[in-house]
Amino acid sequence: SQTIHQWPATLVQPVGSPLSLECTVEGTSNPNLYWYRQAAGRGLQLLFYSVGIGQISSEVPQNLSASRPQDRQFILSSKKLLLSDSGFYLCAWSPRALQYGYTFGSGTRLTVV
Amino acid sequence: GQSLEQPSEVTAVEGAIVQINCTYQTSGFYGLSWYQQHDGGAPTFLSYNALDGLEETGRFSSFLSRSDSYGYLLLQELQMKDSASYFCAAQDTGRRALTFGSGTRLQVQP
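Chains as they are written, first to last, in the working numbering: chain A, 1 to 113; chain B, 1001 to 1110.
Just so you know, the hints here were simulated from the structure itself, not pulled from any lab data. A hint or two may mislead.
[Claimed, not checked] With the Cβ distance kept under 8 Å, some of the chain B side facing chain A (calculated, not the full set):
hint : residue
1    : Gly1031
2    : Ala1042
3    : Ala1097
All residues carry an ideal CB built from backbone N, CA and C; glycine is no exception.
In isolation and in its complexed conformation, chain A is listed as follows (with noise of 0.2 Å):
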């Protein structure tokens, strides 16, 4: 079966430092990869999504940054984290011909400080 792993769960930084996100799926290949951002009692944001190795999409201008170095390995960065960076951040991948039904991981909650 398929599961997809986020870590680390929560994550304090200041202001300034850098950040990487890693988040993995097992169990399927050539999957469609997704960050979305949540602030607290809102919607999810998308911020990238990926269809294959190398191919990022860029949804919202930022300091953030995505890589896919491997199939099923999708990285979120950051050089110089913002207050405003703040939020839970999620992974989710999605078969590739079935892009509606998500499957999220467990999230990162990161707080900048």
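On the provided structure of chain A, position chain B as indicated by the hints.
Chain B alone, transformed into the frame defined by chain A:
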């Protein structure tokens, strides 16, 4: 771009039926999904409609009217564990990722 509107909060009693509405505006609509998210948890997929009509999955049903740009999630025989946030999400023909609504917080009271 796309935008989806949902009520921010709905309250219902255990055993009742509740309907959560979603209206959308999109240039190339393809389908509407629904997700459930408990506090502190990740969203989980509930249902999907690409065609007009009702899709039933146990106690949950979802409806879509493409001509009205409208859909709803119907929850029957409400249980306390149904207290959660519910999100509609639209898929369009051009963008290969879902756009989510702001969510409806459902509170089920005894």
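Among the hints numbered above, which are violated by the structure, and what are their numbers in rising order?
No hint contradicted; all consistent.
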